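Got two chains here, each in a separate frame; can you build the complex from them with the hints?
So you can see what is in the structure, the chains are spelled out below.
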Amino acid sequence: MKAVAPATVVFLCAGLAPLVVRDAFLLDSLVLVLIWGSAAAAWNVAGGYAGQISLGHSAFFGIGAYAAALIVTRWELSPWLGLAVGALVATAIGLVVGYLSNRLRGPYFVLATIAFSQVLLIVGSRWRGFTAGSEGIPVPFRPGFWTLGIADKRVWVWIALALAVLAYLVQRYLDRSRRGYQLVAVREDEDAALSLGVPARWLKVAAICVSAALTAACGALWAQYIGFVDPFYVFSVDLSVKFALAAIIGGLGTALGPFLGAALITTVETYLRAQFGGLGTGLIGIYLIVYGCALIVMVRWVPHGLVGWIGEGLRRRAAPAAR
Amino acid sequence: MSLLSVSGVSKRFGGIVANRGISFDVEPGELVGIIGPNGAGKSTLFEVITGFYRPDEGEVRLDGARLTGLSPDVVCRRGIARTFQKLRPFQGLTVLDNVMVGALTRTTDVRHARERARELVGKVGLAEKAEAHARTLSTGQRKRLELARGLATEPRVLLLDEVTGGVDQRTIPELVRLVRSLHAGGLTLLVIEHNMRVITAVAQRIVALHLGEVIADGPPDQVTRDRRVVEAYLGLAYVP
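As you go down the protein sequences, you meet chains A and B in turn. Those letters in the first sequence? Residues 114 to 436, by my numbering. Those letters in the second sequence? Residues 29 to 268, by my numbering.
Looking at chain B on its own, in the form it has when it is part of the complex (with noise of 0.2 Å):
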């Protein structure tokens, strides 16, 4: 059985349809890129997966078991994590901090919460800044946080929304290596990337969306030569 399972997803703001219909599987183990131009519905349907909006019709399973009509906490303590596109770390805390918050929710003692946050603070490559605080840390750095923060939830599947997203492109070799460890070291992770060349060289399989539906699914090199998937991106003048 797959690991995570979206079936006929749809969800609606007034009068546009943000998501219509998205179903896919993702397998344990897998690592599955979501690409589609602006407005395609990516960020929604994270959104819809992690408990923060409810779909109009459709549901979302993890394991077999229904999470659609979970709030959010609930959604991760049952295995999914996320980051956000638009970065929120904890301002006021410090690196240490916001990673233990996550840690608290599998753990009751402070203590041991501490120890896992440190260890994934250097995991993530932040050991230097642990007892910084959020606020000054700069774009890349913060999506390292959010990753530790993420992973110190224990997920079974963990969601991360732009990896590279306006991070100079010195840093993007880093989290690209960050993001590949992780799924070598036994992670499932669904991600969204705007940048190609970046998700088809981390990605077994991608998830093409566009104006809220699946316009394609399959291995990276398959999806980006499809025709629907380049009349999306770059128009029709460009389909060969």
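So here's chain A without its partners, still in its complex pose (with noise of 0.2 Å):
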């Protein structure tokens, strides 16, 4: 019980705010850092329990934000279908994906990630007749609930909000289930895995099914939020840096960690973006550089994450007392 607390008070604020605050500004940050929380947590089930660290998440994220931007403009069906059906194409590719790359170990198998969303960036851009190629989608806005139009950030804050609780308790299975202490040993030393019995190929491939059906989840969301898919963003290195930073950041392995690492990464960054982004170009890339330098700190000093260092800091702190 003792590790669900923190979570659930997280939780339960981000469920309340929108019955206190009424900053239109405050809210569209809460649904963003839900999203990227739900994304960098998803994340955290192939990088951070499976040890199969992915620089190209980005792919599943884009598969999603397409599928649900696709079949609403194409043939004029649910948002949430379209979710359903992004979740479902992602966690194919995830199974394909998964199995060539099963061998790869290590910085062999964050090329091959890098290289598989750079592929799918390539087909977004170019394939014009099928998804209106580098111009982008516009999501149309259709009101009602089914067709996912909302005015109102408050109800995203709860669709977001749901997202990240389902995102959330996944994680927590892993914690405390035989799947999840298997999947940690691979994470640990796949071969000592596989002399115990561990059947390691499947768990490692099933992370990633899983993995990137969420993460199509949130790229189905994130599409019919913001109004608009350009490919160029949702297949980016830079998207799929994020939510390996925000897991990283938060605590790799930890189930709460991705969203605290969420919450901060996007606070910084929106920061960033209003400081220097009237500038002109030159520094409007400036987050970059804050996301290299974060992840040098966090690696070499935090390894961590935030809520390892919270709870060493926690129990430093009770230790004392309790002699």
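Hints are computed from structural coordinates only; laboratory data are not their basis. Please note that a few of the clues may not be correct.
[Said to hold, decoys possible] Calculated from the model, a selection of chain B residues having no Cβ within reach of chain A, i.e. all distances over 12 Å:
#, residue
1, M29
2, G43
3, F52
4, D53
5, G86
6, D137
7, L210
8, N223
9, V226
10, R253
[To be verified] Only part of the chain B face toward chain A is listed, based on derived beta-carbon distances under 7 Å:
#, residue
11, R105
12, L132
13, T133
14, L165
[As the list claims (entries may be wrong)] Calculated cross-link-like contacts (lysine to aspartate or glutamate; reagent style EDC-like; alpha-carbon spacing at most 16 Å):
#, chain 1, residue 1, chain 2, residue 2
15, B, K151, B, E75
16, B, K157, B, E147
17, B, K114, B, E190
18, B, K151, B, E182
19, B, K114, A, D343
20, B, K114, A, D304
21, B, K114, B, E147
22, B, K114, A, E303
Since this is a predicted model, take the numbers as computed values, not measurements. Beta carbons: idealized from backbone N, C-alpha and C, even for Gly.
Structure follows, in structure tokens:
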């Protein structure tokens, strides 16, 4: 129970915020933090728990975004259906990518994932007849819940929160279940895990599939919320790095970490854009430099992320009192 | 019928022949030692038996059923557990969690696996270290951890790669006692060991390898006096 308490507080605050907060900017930030947090949590399932560090997860995010946008614009069906289709397609692609990259370890796996997302970028930006190419797809606004044409940002907070709780619960399952233990064993030492009867190969593929499906769901909701899908954004390496970074900063392999990481990153990014975005093109990319520095600092000095760091602080405080 | 049977196993790496037509059987309840100078092919043989390497020729059977061609995790579930010469505990996990990973191969119930793991951690003498992270253990403790982890998968045959290698002299007798007690409990063991005094003391039978081939197979006193074994270890000058 102790491990769940902080998360309950965090999600409860997010859920109650719309009742108190009226400021559109703050609500908008909250929706984005929840979506990015969910995407980082989805990334964490493969990267943090299973140790399959991917820098190509924007591929799955883009698949979700495109599935939802295309189903709405081409077939005039519900974006919820688009979300489901996106998740299914991402799962299928996760299966293929997971299977093909099964024997790749460490940097080779990372490179394969980057290459994969770039292939999808080319498909998305060149296949004019289907994806509208590099122009991107504006998502039409049709009022209603089934069409996700919701102007009220408070409702968006709750929708994004539902996704966040789902992603959190998937991670909690890994924290305490047999499959979770086995996955962590694979991350720590794949050969040793194999020697103990852990079906490492298919567990890795399964983790990638679940991660892909959740990431696609995030992409689908994001596309409906923002109202526009741009291939150069949704398939970008920047976005993949953002998911990974949020999870690493928050705490790899911890259930709450990705959400804390996403909150921090989104805040800093928004602040930097506001501060330096207006000065012309020169400093617009400064957040990327901050990303890089943050990554170096975290990996070098706070390897267990915010969750590990806070947890250790609390334990140190509690220890003398206990004695 | 013998429990574990290795027949005609050959394994080549490019031009190097690591195993050449190796055959021997292990009977239920036996403790068989494998000896041989460095490069004799002992570890390669272990990798072949456990499914990490696929032999170029020959096959391995457990209780008559073919193991060759199965992946290592399936081989383990069929009943073969191992330790690694170069120890590979899950560094970031606690001792208990390490052993739980093994136990979870035989049960889907996490709580049951934890109880079983606690039992085994006690059995190998690591009870006080149960909550410590594996990376904080000494070499001797890590060997015990790997033993407990392997035992947790409820093997029919346990393969130990270098029980006493890299361990200080005072710890050796304890480890030997542990292996003996496992054997006395009815477990079948196949043990690679460099320390001749240790292996002749615990093994009922010894298989000696040299340059990838079996050069002797029999009771310890017979094998250690075998002309080819002495030659392989010490050189021709020492052969009486």
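To see whether the hints hold, each was checked on the structure:
no.: 1; hint: M29; verdict: holds, 24 Å
no.: 2; hint: G43; verdict: holds, 25 Å
no.: 3; hint: F52; verdict: holds, 22 Å
no.: 4; hint: D53; verdict: holds, 23 Å
no.: 5; hint: G86; verdict: holds, 21 Å
no.: 6; hint: D137; verdict: violated, 8 Å
no.: 7; hint: L210; verdict: holds, 17 Å
no.: 8; hint: N223; verdict: holds, 23 Å
no.: 9; hint: V226; verdict: holds, 23 Å
no.: 10; hint: R253; verdict: holds, 35 Å
no.: 11; hint: R105; verdict: holds, 5 Å
no.: 12; hint: L132; verdict: holds, 5 Å
no.: 13; hint: T133; verdict: holds, 3 Å
no.: 14; hint: L165; verdict: violated, 14 Å
no.: 15; hint: B:K151 / B:E75; verdict: violated, 27 Å
no.: 16; hint: B:K157 / B:E147; verdict: holds, 13 Å
no.: 17; hint: B:K114 / B:E190; verdict: holds, 9 Å
no.: 18; hint: B:K151 / B:E182; verdict: holds, 14 Å
no.: 19; hint: B:K114 / A:D343; verdict: violated, 50 Å
no.: 20; hint: B:K114 / A:D304; verdict: holds, 12 Å
no.: 21; hint: B:K114 / B:E147; verdict: violated, 25 Å
no.: 22; hint: B:K114 / A:E303; verdict: holds, 14 Å
Going down the numbered hints, you'll see the structure goes against 6, 14, 15, 19, 21, while the others check out.
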